[in-house]
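Q: Residues per chain, in single letters:
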Amino acid sequence: MKRIVVEKKILEKNDDIANKIRDLLDKNRIFGLNVMSSPGAGKTTLIERIVEYLKPQYKLAAIDGDLDTQRDAQRIAALGIEAIQINTSGTCHLDSSMLQKAINNISLDLDLLIVENVGNLVCPASFYLGTHKNAVLISTPEGDDKVKKYPTMFNVADVVLINKMDIVKFVNFDVEKVENEIKEINPNAIIFKISALNNDGLSGFLNWIESNIQLIKNS
Amino acid sequence: MHEGAIAQSVVEVLRDIKNQNQLLSITSATLKVGAISGVMIDALEFAFEAIKKEEDFIKDAKLNIINVSVKAKCNICDKIYEFDNTDDLVMMCPICQMPLSIISGKELEIIDVEGE
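Residue numbers (my numbering), protein chains in the order written: chain A, 460 to 678; chain B, 663 to 778.
Since the hints were derived computationally from the structure, they do not count as laboratory data.
Just to be clear, a hint being listed does not mean it is correct.
With a Cα cut of at most 27 angstroms, we get these calculated DSS-like pairs of lysine-lysine [as the list claims (entries may be wrong)]:
(1) B/LYS733 - A/LYS642
(2) A/LYS592 - B/LYS768
(3) B/LYS715 - A/LYS461
(4) A/LYS518 - A/LYS642
Given these sequences and hints, build the entire structure.
A: Spelled out as structure tokens, the structure:
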């Protein structure tokens, strides 16, 4: 019997590939944004708004993760940018090797790469992808109890977008409570209250993306 | 349920350790799993039990899992706060009103292995 002290990260291989992705993004001066939320919170609609607003000035591409169908990538590609769909065939998150394969198939003459993760508030939070920032959406019809139920996700968020504010008065959602719980779990997260569908409240978030694009361009 | 993918990663790390140390089989492994690593220990154990039947070198392996609580430190007053329950997480120093830095709770590590 032999005892070996190892101290190895379980996700070391995922992290190694993610670090290579980060190097590739940095080398090409591309801002990588990972967008996460539960299914139906409005990730694709938000990304459509980002593309509409930033496409005139910046070069963008999107990589969309879903269990099945090409629907999300088709919606984004319809706006005239390169969009690649990753079908995870049952896997509930994107990992760095899936992302690396997709990145190998896009042109890296870009300012912004948007990664739309698989709709899920649990699993994607555990897999570092090499992207620079995490944007997490929570939508008002999901209910106001989600932040403390999914602390890992809200803890890794750089930005939290409270989406579907246009229907907040019809659903049981205490905005102040949610904001306070986000601040408790992650005091550094920036919070924006938006309606992606109606294009409301997005200017702060879009400015945040632009400032990150500029930071990486000038780094 | 991403614990299947995590369990598969555990098996891959154990396989590397077996090969690097010229072991024939692994009999136990000690893991550290943080309370906000996003991994549920019961689900990880369940997934590992399912996978180990497919892999000869770990067929008798036992996982010892250490659940690591969340600890966070205030960079101003150096006070360390420990949260036994993730429901109680408040990442803000009540004295200094400054965000805390996490010092534990995100671990997903294999710390030692026994084999022959």
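Q: Hints first: check each against the structure and report whether it holds.
A: Here is what the structure says about each hint:
1. Our distance criterion of 27 angstroms between C-alpha atoms is met by B/LYS733 and A/LYS642, whose separation comes to about 17 angstroms.
2. Our distance criterion of 27 angstroms between C-alpha atoms is met by A/LYS592 and B/LYS768, whose separation comes to about 18 angstroms.
3. A threshold of 27 angstroms between alpha carbons decides the hint, and for B/LYS715 with A/LYS461 the separation of about 22 angstroms falls inside it, so the pair holds.
4. For the hint linking A/LYS518 to A/LYS642, the alpha-carbon distance of about 33 angstroms lies beyond 27 angstroms, and the restraint is violated.
In terms of the numbered hints stated before, the structure departs from hint 4 and from no other.
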